[in-house]
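Enquirer: Protein chains in written order, with the numbering used here: chain B, 20 to 234; chain E, 20 to 234; chain H, 20 to 234; chain D, 20 to 234.
Hint data in this document are derived by calculation from the structure and do not stem from the laboratory.
Where a beta carbon is used, it is the ideal one built from N, C-alpha and C, also for glycine.
Take the hints with a grain of salt, since some may be wrong.
[Unchecked claim] What follows is a list of derived Cβ distance ranges for each label pair:
1) Leu64(D) / Ala76(B): 16 to 24 Å
2) Glu72(D) / Pro174(B): 17 to 25 Å
3) Glu175(D) / Glu175(E): 36 to 44 Å
4) Pro36(H) / Ala165(B): 32 to 40 Å
5) Gly162(E) / Gly162(H): 34 to 42 Å
6) Ala165(B) / Gly162(D): 34 to 42 Å
[Stated by the list, open to error] Covered by chain H, according to a simulated footprint, are these stretches of chain E (three or more residues, beta-carbon under 8 Å):
7) 30–39
8) 94–108
[Said to hold, decoys possible] Subject to a maximum C-alpha distance of 20 Å in a straight line, what follows is the list of computed EDC-like cross-link-like pairs (lysine to aspartate or glutamate):
9) Lys31(B) / Glu180(D)
10) Lys60(D) / Asp61(H)
11) Lys60(B) / Asp61(D)
12) Lys60(D) / Asp61(B)
13) Lys60(D) / Asp61(E)
14) Lys60(E) / Asp61(B)
15) Lys60(H) / Glu180(B)
16) Lys60(H) / Asp61(D)
17) Lys169(B) / Glu180(B)
18) Lys31(B) / Asp181(D)
19) Lys60(E) / Asp61(D)
20) Lys60(H) / Asp61(E)
Here are the chains, one letter per residue:
4 protein chains.
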Amino acid sequence: MNPFQNLFFRLKEGNLPLGRIEAFSDGIFAVAATLLVMDLKDISLPAHPTPLELGRALVAALPQFLSWMISFVIVAKFWLNHHHLLHLAGHADYGMVWINSIFLMFQSLVPFPTALMGQYPNNPLAVGLFGVTMAVNTILFIGLYAYILKRTARPEMLALEDPLVLRKSWVGPVSYLTGAGLAWVHPALAFGIYFATPLFFITPLHRKHMARPGR
Amino acid sequence: MNPFQNLFFRLKEGNLPLGRIEAFSDGIFAVAATLLVMDLKDISLPAHPTPLELGRALVAALPQFLSWMISFVIVAKFWLNHHHLLHLAGHADYGMVWINSIFLMFQSLVPFPTALMGQYPNNPLAVGLFGVTMAVNTILFIGLYAYILKRTARPEMLALEDPLVLRKSWVGPVSYLTGAGLAWVHPALAFGIYFATPLFFITPLHRKHMARPGR
Amino acid sequence: MNPFQNLFFRLKEGNLPLGRIEAFSDGIFAVAATLLVMDLKDISLPAHPTPLELGRALVAALPQFLSWMISFVIVAKFWLNHHHLLHLAGHADYGMVWINSIFLMFQSLVPFPTALMGQYPNNPLAVGLFGVTMAVNTILFIGLYAYILKRTARPEMLALEDPLVLRKSWVGPVSYLTGAGLAWVHPALAFGIYFATPLFFITPLHRKHMARPGR
Amino acid sequence: MNPFQNLFFRLKEGNLPLGRIEAFSDGIFAVAATLLVMDLKDISLPAHPTPLELGRALVAALPQFLSWMISFVIVAKFWLNHHHLLHLAGHADYGMVWINSIFLMFQSLVPFPTALMGQYPNNPLAVGLFGVTMAVNTILFIGLYAYILKRTARPEMLALEDPLVLRKSWVGPVSYLTGAGLAWVHPALAFGIYFATPLFFITPLHRKHMARPGR
Chain B
20 MNPFQNLFFR
30 LKEGNLPLGR
40 IEAFSDGIFA
50 VAATLLVMDL
60 KDISLPAHPT
70 PLELGRALVA
80 ALPQFLSWMI
90 SFVIVAKFWL
100 NHHHLLHLAG
110 HADYGMVWIN
120 SIFLMFQSLV
130 PFPTALMGQY
140 PNNPLAVGLF
150 GVTMAVNTIL
160 FIGLYAYILK
170 RTARPEMLAL
180 EDPLVLRKSW
190 VGPVSYLTGA
200 GLAWVHPALA
210 FGIYFATPLF
220 FITPLHRKHM
230 ARPGR
Chain E
20 MNPFQNLFFR
30 LKEGNLPLGR
40 IEAFSDGIFA
50 VAATLLVMDL
60 KDISLPAHPT
70 PLELGRALVA
80 ALPQFLSWMI
90 SFVIVAKFWL
100 NHHHLLHLAG
110 HADYGMVWIN
120 SIFLMFQSLV
130 PFPTALMGQY
140 PNNPLAVGLF
150 GVTMAVNTIL
160 FIGLYAYILK
170 RTARPEMLAL
180 EDPLVLRKSW
190 VGPVSYLTGA
200 GLAWVHPALA
210 FGIYFATPLF
220 FITPLHRKHM
230 ARPGR
Chain H
20 MNPFQNLFFR
30 LKEGNLPLGR
40 IEAFSDGIFA
50 VAATLLVMDL
60 KDISLPAHPT
70 PLELGRALVA
80 ALPQFLSWMI
90 SFVIVAKFWL
100 NHHHLLHLAG
110 HADYGMVWIN
120 SIFLMFQSLV
130 PFPTALMGQY
140 PNNPLAVGLF
150 GVTMAVNTIL
160 FIGLYAYILK
170 RTARPEMLAL
180 EDPLVLRKSW
190 VGPVSYLTGA
200 GLAWVHPALA
210 FGIYFATPLF
220 FITPLHRKHM
230 ARPGR
Chain D
20 MNPFQNLFFR
30 LKEGNLPLGR
40 IEAFSDGIFA
50 VAATLLVMDL
60 KDISLPAHPT
70 PLELGRALVA
80 ALPQFLSWMI
90 SFVIVAKFWL
100 NHHHLLHLAG
110 HADYGMVWIN
120 SIFLMFQSLV
130 PFPTALMGQY
140 PNNPLAVGLF
150 GVTMAVNTIL
160 FIGLYAYILK
170 RTARPEMLAL
180 EDPLVLRKSW
190 VGPVSYLTGA
200 GLAWVHPALA
210 FGIYFATPLF
220 FITPLHRKHM
230 ARPGR
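Required output: the full structure, derived from the provided sequences and hints.
Expert: Structure below.
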């Protein structure tokens with residue numbers, strides 16, 4: 020038997036309960052969100068500062084606090100939307116588990132570009148990589164969404180879905196990449212766009228009545 | 020459709036089960052509480068100390084141990100009271116999820132001002148920022164409390180609530196900010212107040228019989 | 020009303036479900052156990068080592084690996100025994116929650132004395148402090164045990180308890196403190212005792228048939 | 020009574036529910052997977068880089084990103100297979116808890132060899148130790164598997180098991196150790212094998228129909 024022969028076949032198998040997938044995902048979201056504070060350890064502080072010197076050093080570290088805050092809000096946004104995605108699914112097959120794991124891998128990466136952006140707030144590459152990472156995260160999220168809609172969604176939940184939800188979700192990657200591009204014009208533009216993008220996803224998009232706000 | 024048009028409208032939607040909100044919150048509380056020990060890594064120790072030298076270095080690091088201890092107790096206090104808050108709510112809407120997330124953001128920040136206070140125990144700004152952070156945390160907690168009381172509380176739980184609970188909760192911010200102010204007189208006063216404040220919240224305030232201790 | 024007046028009265032109140040106490044505790048156990056690996060980051064390695072140089076540096080770091088291993092086993096031991104303790108309790112009051120939180124505080128401290136013992140394996144104070152920390156942890160665990168037996172245990176579970184269980188539990192602190200004392204004679208004696216002590220607690224002591232191994 | 024007398028006897032006792040074992044395991048998997056990103060902090064970056072300099076520094080850190088990615092996928096693979104293992108078991112005895120804890124100990128070690136391999140990608144010992152660690156993890160996993168099959172599996176689940184599953188699982192250690200050996204020929208060979216090995220375990224092996232892929 021060639022063990023790799025039926026690799027993709029195997030991914031369509033499996034009927035896993037969602038409990039431990041939620042537990043593993045929530046664990047990674049929570050740890051990633053909390054590890055962001057470790058980035059603030061990189062703030063360089065004088066050895067025996069007066070209050071004034073300490074205050075100045077902290078004010079100079081404003082980009083690091085901003086990066087931390089933007090990142091936390093984005094991770095919380097992904098957590099909230101992920102929550103709804105798993106609620107949409109009735110079970111999981113191995114393909115869904117692996118798309119979810121690759122998504123979580125890039126979610127756990129978030130503290131790295133956050134630190135980079137905080138430390139080099141005037142370097143367009145550092146600021147841009149933050150946007151690229153978030154775009155990759157959103158694209159993986161959309162992939163997970165598409166997979167669930169196609170293969171593991173509960174029929175009664177599918178009926179409530181906005182048929183345009185996947186198309187609307189591309190607002191995320193486009194917005195993050197626009198921010199990444201504008202970082203080369205002025206970093207403040209990128210910070211602004213990174214801050215505004217999660218507002219669009221403040222609630223999950225996949226509910227039909229989202230398309231009819233008057234309802 | 021203007022995607023931001025109905026932003027605040029959307030926040031009032033949603034009927035989320037509390038399970039994953041608890042899991043995410045407990046994860047952040049647990050990681051934040053445990054990461055506090057990483058602050059003790061900043062203790063500067065000699066390279067090849069004799070027992071006496073090591074002992075002296077550890078005694079000199081007493082403010083760091085005190086900061087760690089005070090912080091852990093405060094995080095545990097927030098966890099306990101948060102536990103009760105979610106128990107009071109019957110479900111969550113998106114507004115509640117986001118107030119909770121912003122509260123958790125500042126909860127996950129706690130290791131930073133703790134490290135600052137531990138490293139610069141004689142710097143009134145460092146010691147004061149600890150109190151300010153805790154006041155912000157408590158105000159966000161009160162905001163979450165008020166939101167739940169108004170929108171998502173279970174009726175049978177509401178009946179057990181002390182009507183003055185929100186007013187009493189302001190003891191927290193006032194006390195932490197008093198400590199932050201007194202740090203400019205003498206840091207030891209601030210440490211004392213930070214240590215005493217959680218005692219007031221050692222049990223949740225929101226039970227009616229709290230107002231009638233003789234019952 | 021004097022807010023501190025009824026402090027101890029309030030601790031006897033409360034009828035909390037055990038679910039979130041388990042979640043918070045398991046989170047702290049898991050994070051503390053996993054953070055231990057961060058102590059191995061302190062191993063000093065050459066910049067561009069040959070395999071031989073790297074091998075020598077890792078062999079020289081043997082005490083750090085030993086400390087990590089002993090600590091992980093001890094945390095796992097506490098987790099297993101804590102598991103049974105909560106199973107013994109039917110509910111929690113605020114006193115139990117706070118004894119548990121203080122116990123978890125010292126559990127989350129474990130990475131610090133572990134790093135100290137790993138870095139200064141020939142310093143009797145460093146090696147001794149590890150034993151003292153573990154003794155404090157065990158004493159707090161015994162306190163939690165006694166509290167549950169007295170106030171919150173389920174009657175049907177109480178009947179299965181070994182009446183001598185609290186007395187037997189003192190083997191732990193005595194053994195850890197003996198190790199801490201012997202660190203001043205030779206550190207290897209302390210390492211040996213720290214390694215052997217958890218074997219006594221490899222299964223919870225609180226089951227009556229533990230006293231009758233022939234059963 | 021000799022407390023160690025009945026050590027192995029005691030390990031066969033116990034009838035523990037699986038809930039908290041899952042919670043502790045998922046916590047360690049999630050924290051270990053997320054801590055891997057801390058290894059990327061070791062990337063040495065210039066102080067005030069131009070975008071070009073920063074880009075070059077990040078490209079030079081490619082082995083660290085590769086190590087992080089391979090490690091995350093391997094931890095996710097262990098998590099998925101562990102999930103199924105606990106699903107196979109109906110309950111746990113103390114022996115199973117301890118084999119599981121020792122397995123989790125080496126799982127929590129993963130960030131260390133990952134950092135080593137990322138920092139010294141041309142050092143065969145550093146690259147080889149990664150494979151050895153993964154082989155040890157897989158052997159412990161096989162031990163846990165064998166123990167569950169023999170002692171705690173649910174009969175209805177046992178019937179679905181491939182009788183050759185344990186033998187097939189040895190593909191893992193053999194493959195990781197082959198990679199570790201080939202690291203001495205060329206590190207790229209080891210990276211390739213470490214990357215390919217998890218593909219074999221992309222779905223659990225223990226389902227009978229795995230042996231009959233045409234089904």
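Enquirer: Determine for every hint whether it applies to the structure shown.
Expert: Hint by hint, here is what the structure shows:
no.: 1; hint: Leu64(D) / Ala76(B): 16 to 24 Å; in the structure: holds (20 Å)
no.: 2; hint: Glu72(D) / Pro174(B): 17 to 25 Å; in the structure: violated (55 Å)
no.: 3; hint: Glu175(D) / Glu175(E): 36 to 44 Å; in the structure: holds (42 Å)
no.: 4; hint: Pro36(H) / Ala165(B): 32 to 40 Å; in the structure: holds (39 Å)
no.: 5; hint: Gly162(E) / Gly162(H): 34 to 42 Å; in the structure: holds (36 Å)
no.: 6; hint: Ala165(B) / Gly162(D): 34 to 42 Å; in the structure: holds (39 Å)
no.: 7; hint: 30–39; in the structure: violated (count 0)
no.: 8; hint: 94–108; in the structure: holds (count 4)
no.: 9; hint: Lys31(B) / Glu180(D); in the structure: holds (19 Å)
no.: 10; hint: Lys60(D) / Asp61(H); in the structure: holds (14 Å)
no.: 11; hint: Lys60(B) / Asp61(D); in the structure: holds (14 Å)
no.: 12; hint: Lys60(D) / Asp61(B); in the structure: holds (10 Å)
no.: 13; hint: Lys60(D) / Asp61(E); in the structure: holds (17 Å)
no.: 14; hint: Lys60(E) / Asp61(B); in the structure: holds (14 Å)
no.: 15; hint: Lys60(H) / Glu180(B); in the structure: violated (48 Å)
no.: 16; hint: Lys60(H) / Asp61(D); in the structure: holds (10 Å)
no.: 17; hint: Lys169(B) / Glu180(B); in the structure: holds (12 Å)
no.: 18; hint: Lys31(B) / Asp181(D); in the structure: holds (19 Å)
no.: 19; hint: Lys60(E) / Asp61(D); in the structure: holds (17 Å)
no.: 20; hint: Lys60(H) / Asp61(E); in the structure: holds (14 Å)
Of the numbered hints given earlier, the model fails hints 2, 7, 15; all others are met.
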